[in-house]
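Participant: Each protein sequence line maps, in turn, to chains A and B.
Going by the working numbering, the residue at position 169 of the first sequence is 169; the numbering climbs one at a time, nothing skipped.
Going by the working numbering, the residue at position 108 of the second sequence is 108; the numbering climbs one at a time, nothing skipped.
There could be a bad hint or two in this list.
Unchecked claim - The calculated lysine to any residue pairs, modelled on SDA-like cross-linking and capped at a C-alpha distance of 25 angstroms, are: (1) B:K13 / B:N255; (2) B:K173 / A:G111; (3) A:K165 / B:S14; (4) A:K196 / B:P32; (5) B:K303 / A:K196; (6) A:K67 / B:K13.
What the hints assert, rightly or not - Derived contacts from chain B toward chain A, CB cut-off under 10 angstroms, selection only: (7) D177; (8) L179; (9) R184; (10) T188; (11) L254.
Claimed, not checked - A few chain A positions that, by computed beta-carbon distances, are all more than 10 angstroms from chain B: (12) L188; (13) L209; (14) T259; (15) N266.
Bear in mind the hints are in silico, worked out from the structure with no lab data behind them.
Values in this document were obtained by computation on a predicted structure and should not be read as measured data.
A virtual CB, placed ideally from N, CA and C, is assigned to each residue, including glycine.
Chain residues, written in single-letter form:
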Amino acid sequence: MTSRIPNIFNKNKSKNKKTFISYLVCGDPSKDITLSAMHTMSKSGVDIIELGIPFTDPIADGPTIQKSIDRSLKNNTSLRDVISVVKEFRKDNNDTAVVLMGYMNPVHKMGIDKFAKQINDTGVDGVLIVDSPPEESVMLNKYLTKYKKSHIYLASPTTTDQRMKNISKMSSGYVYYVTIKGITGSQLSNVSSIRKNVNKIKKYSNNNLPVAVGFGIKDSSSAQKMAAFSDGIIIGSSIVELIHKYSNNEKKMNSKLSTYISSISNVI
Amino acid sequence: MKRKINLKNYPSKSGHFDAFGGVYVSETLIHPLRELFSAYKKYATSASFKKTLNSQLKDYVGRPTPIYYAESLSKQLGSSHIYLKREDLNHTGAHKINNALGQALLAKKMGKTRIIAETGAGQHGVATATACARLNLKCVVYMGEEDINRQSVNVYRMKLLGAEVVSVNSGTKTLKDALNEALRDWVTNVDDTHYIIGSVAGPHPYPMIVRDFQSVIGYEARNQFKKEYKCLPDYLVACVGGGSNAIGLFHPFLNDKVKIVGVEAGGSGIKSGKHAAPLSAGSPGVLHGNRTYIMEDENGQIKNTHSISAGLDYPGVGPEHSWLKDLKRVEYTAVTDDEALDAFFTLTQNEGIIPALETAHALAYAFQLAKKLKNKKILLNLSGRGDKDIDTIAKLKNIKL
Ligand SMILES: Cc1ncc(COP(=O)(O)O)c(C=O)c1O
Numbered sequence: 001m002t003s004r005i006p007n008i009f010n011k012n013k014s015k016n017k018k019t020f021i022s023y024l025v026c027g028d029p030s031k032d033i034t035l036s037a038m039h040t041m042s043k044s045g046v047d048i049i050e051l052g053i054p055f056t057d058p059i060a061d062g063p064t065i066q067k068s069i070d071r072s073l074k075n076n077t078s079l080r081d082v083i084s085v086v087k088e089f090r091k092d093n094n095d096t097a098v099v100l101m102g103y104m105n106p107v108h109k110m111g112i113d114k115f116a117k118q119i120n121d122t123g124v125d126g127v128l129i130v131d132s133p134p135e136e137s138v139m140l141n142k143y144l145t146k147y148k149k150s151h152i153y154l155a156s157p158t159t160t161d162q163r164m165k166n167i168s169k170m171s172s173g174y175v176y177y178v179t180i181k182g183i184t185g186s187q188l189s190n191v192s193s194i195r196k197n198v199n200k201i202k203k204y205s206n207n208n209l210p211v212a213v214g215f216g217i218k219d220s221s222s223a224q225k226m227a228a229f230s231d232g233i234i235i236g237s238s239i240v241e242l243i244h245k246y247s248n249n250e251k252k253m254n255s256k257l258s259t260y261i262s263s264i265s266n267v268i
Numbered sequence: 001m002k003r004k005i006n007l008k009n010y011p012s013k014s015g016h017f018d019a020f021g022g023v024y025v026s027e028t029l030i031h032p033l034r035e036l037f038s039a040y041k042k043y044a045t046s047a048s049f050k051k052t053l054n055s056q057l058k059d060y061v062g063r064p065t066p067i068y069y070a071e072s073l074s075k076q077l078g079s080s081h082i083y084l085k086r087e088d089l090n091h092t093g094a095h096k097i098n099n100a101l102g103q104a105l106l107a108k109k110m111g112k113t114r115i116i117a118e119t120g121a122g123q124h125g126v127a128t129a130t131a132c133a134r135l136n137l138k139c140v141v142y143m144g145e146e147d148i149n150r151q152s153v154n155v156y157r158m159k160l161l162g163a164e165v166v167s168v169n170s171g172t173k174t175l176k177d178a179l180n181e182a183l184r185d186w187v188t189n190v191d192d193t194h195y196i197i198g199s200v201a202g203p204h205p206y207p208m209i210v211r212d213f214q215s216v217i218g219y220e221a222r223n224q225f226k227k228e229y230k231c232l233p234d235y236l237v238a239c240v241g242g243g244s245n246a247i248g249l250f251h252p253f254l255n256d257k258v259k260i261v262g263v264e265a266g267g268s269g270i271k272s273g274k275h276a277a278p279l280s281a282g283s284p285g286v287l288h289g290n291r292t293y294i295m296e297d298e299n300g301q302i303k304n305t306h307s308i309s310a311g312l313d314y315p316g317v318g319p320e321h322s323w324l325k326d327l328k329r330v331e332y333t334a335v336t337d338d339e340a341l342d343a344f345f346t347l348t349q350n351e352g353i354i355p356a357l358e359t360a361h362a363l364a365y366a367f368q369l370a371k372k373l374k375n376k377k378i379l380l381n382l383s384g385r386g387d388k389d390i391d392t393i394a395k396l397k398n399i400k401l
């Protein structure tokens with residue numbers, strides 16, 4: 001099935017709303033809780049869920065997400081499990097987009113062709129492989145294009161103009177603009193330069209490709225600030241932290257998560 | 001091997017050794033890596049840079065290192081001859097300084113003021129801390145908690161040299177995780193920081209840069225051997241952790257008619273699964289910015305490694321080695337902890353040279369080779385001295401120092 005992502009951005013745009021993207025690590029504390037959190041998030045205003053594929057060596061992640069990945073790996077959560085969670089999710093949800101996000105090696109091990117086919121069969125909408133820039137993902141790009149899935153690439157404060165042009169050409173769904181030089185869970189800074197770069201990427205794609213911003217967005221005020229000039233915002237570490245905090249009480253976790261997601265959804 | 005390798009073609013412009021290598025990093029690091037590549041091409045190949053580096057390698061590091069013929073030991077083993085390229089005689093006691101000094105000089109040229117490094121055995125950490133002390137650069141070294149415990153002397157050396165040693169307690173608490181942490185630091189501090197990676201691993205251009213700086217070993221050895229013995233050795237042997245001392249010796253000989261063997265850490269034995277031998281028992285995958293042979297499980301998670309030697313305790317290997325393996329230009333094998341320990345004592349007691357435990361792996365294989373072969377010349381890279389391992393050895397022997 002074709003990626004839901006372009007429609008989601010279009011619909012939100014026509015309603016003058018920004019797209020809300022959330023990240024969580026699949027399998028922390030368990031696959032069931034992940035599934036339950038995904039449903040809660042989509043009911044409370046999340047449009048796109050980035051579902052993290054655990055990997056032993058997450059070099060782009062800060063301590064919060066590293067620890068979450070470690071907990072998930074203690075449960076032996078595999079890429080196959082992540083795909084199976086999406087399959088479950090799709091039984092009750094056909095609207096919220098799901099992007100698988102992670103590192104190259106688990107995908108490489110499964111085989112890129114097999115991976116692409118499996119995500120197509122289960123209703124995944126897009127893929128973001130953090131350590132696989134355009135130069136190293138020609139094969140993956142070919143397969144994702146074949147199945148009409150979104151291939152999301154990162155752009156960052158160190159990305160040169162020439163690369164931004166290339167990235168906006170290669171990406172589909174959205175471009176994920178990383179607000180800072182650093183790892184997940186860092187502090188947000190230098191809003192004006194973020195705005196400048198977001199506008200640049202939009203210009204390079206002739207406004208055809210949405211730009212979402214992530215890293216360092218924690219609450220409604222930072223979300224609102226970033227949503228002012230972007231097409232969407234991404235929140236990861238704070239959600240991961242919240243799920244962990246209430247991991248032994250599913251009901252409470254869902255209610256806290258719902259409150260948190262709504263507080264952000266309402267202001268963007 | 002029919003096809004002659006054209007060394008100049010590898011890595012390719014994109015950093016590949018055919019199917020291996022590459023730049024598997026998050027977007028933020030792409031530009032710094034390209035800047036590093038440009039700076040390397042601009043400075044490191046210039047005559048003035050080479051002159052500075054060579055004079056420091058001579059007067060500060062103590063190069064050229066000699067080739068020592070281990071005559072009495074050779075005679076005990078049979079009719080073959082073992083020659084030792086004495087990288088242990090370098091300042092700081094291992095080959096690591098060749099790279100650390102080269103990269104520190106490069107960093108200085110690039111205007112960087114802060115250096116970070118990862119270390120396993122602590123030899124690369126010490127070498128980097130040394131180069132930084134000499135060049136007045138701030139130095140932070142990431143080291144796994146487990147390695148800090150088993151290489152405490154080197155930790156203290158680094159601190160004496162003014163480096164900050166950061167204990168890494170994520171993941172397996174060894175070299176692999178120290179590398180992760182160094183990459184995270186770099187992505188956060190790219191503006192003023194240069195990352196001196198300690199082996200031929202990591203994303204392009206690191207495998208190339210480190211190889212080039214370490215190739216001084218092989219160029220020297222090739223000239224020395226030809227001059228002294230009027231021939232080339234029949235065999236080259238070196239231990240392989242990330243693979244920098246090995247590639248440093250091997251690379252200048254790749255087009256020669258010389259058999260080449262890299263020796264990995266077999267730990268408790270390949271069959272036990274407790275080892276650090278990705279080339280002998282792993283599969284191609286993506287780790288630390290490049291595609292190479294790695295140790296992974298059926299889901300693509302990186303496996304825990306085991307080796308008595310901290311410097312070989314790594315689940316990946318430099319991509320050029322993976323390429324040389326598949327080309328069948330270099331043969332890779334592994335020896336166990338016990339075999340390495342035996343070789344450690346053999347060299348110490350027969351030649352009066354205490355080798356590093358990493359190096360002892362190469363020695364163990366070279367001794368086996370010498371017993372088996374008739375009249376062959378075996379040149380071994382004696383990558384480092386064993387002072388740092390005295391604690392580990394004493395503990396194994398139940399001796400309190
Ligand atoms: C003496 C010595 N030899 C070998 C190694 C392994 O590294 P490489 O394979 O990069 O030479 C180390 C690493 O710490 C070392 O200290």
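Participant: Verify the interface restraint on B:D177: the C-beta must sit less than 10 angstroms from at least one C-beta of chain A.
Facilitator: B:D177 check passes; min Cβ-Cβ to chain A is 8 angstroms, inside 10 angstroms.
Participant: At a threshold of 10 angstroms, is the proposed contact between B:R184 and chain A supported by beta-carbon distances?
Facilitator: holds (5 angstroms)
Participant: So, B:L254 near chain A? Judge it on the closest CB pair being under 10 angstroms.
Facilitator: B:L254 check fails; min Cβ-Cβ to chain A is 26 angstroms, beyond 10 angstroms.
Participant: For A:N266, is the shortest beta carbon distance to chain B beyond 10 angstroms?
Facilitator: holds (31 angstroms)
Participant: Is the hinted pair A:K67 and B:K13 satisfied, with a Cα-Cα distance of at most 25 angstroms?
Facilitator: violated (37 angstroms)
Participant: Checking the smallest CB distance to chain B, is A:L188 really beyond 10 angstroms?
Facilitator: Non-interface label stands for A:L188: nearest chain B Cβ at 14 angstroms, farther than 10 angstroms.
Participant: Verify the proposed pairing of B:K13 with B:N255, using a straight-line Cα cut of 25 angstroms.
Facilitator: holds (21 angstroms)
Participant: Is the straight-line distance between the alpha-carbon of A:K196 and that of B:P32 25 angstroms or less?
Facilitator: Answer holds: A:K196 to B:P32 is near 21 angstroms, not above 25 angstroms.
Participant: Quick check for students: does the CB of A:L209 sit more than 10 angstroms from each CB in chain B?
Facilitator: Check passes; 16 angstroms lies beyond 10 angstroms.
Participant: For the pair supplied as a hint, A:K165 and B:S14, is the alpha-carbon distance within the 25 angstroms limit?
Facilitator: OK: A:K165 and B:S14 at ~19 angstroms, within 25 angstroms.
Participant: With a cut-off of 10 angstroms, does the beta carbon of B:L179 approach a beta carbon of chain A closely enough for the hint to hold?
Facilitator: At 8 angstroms from the nearest chain A Cβ, B:L179 passes the 10 angstroms test, so the hint holds.
Participant: Take a quick look at A:T259 and tell me if its Cβ sits farther than 10 angstroms from every Cβ on chain B, holds or violated.
Facilitator: holds (31 angstroms)
Consistency note: the structure conflicts with the earlier hints numbered 2, 5, 6 and 11.
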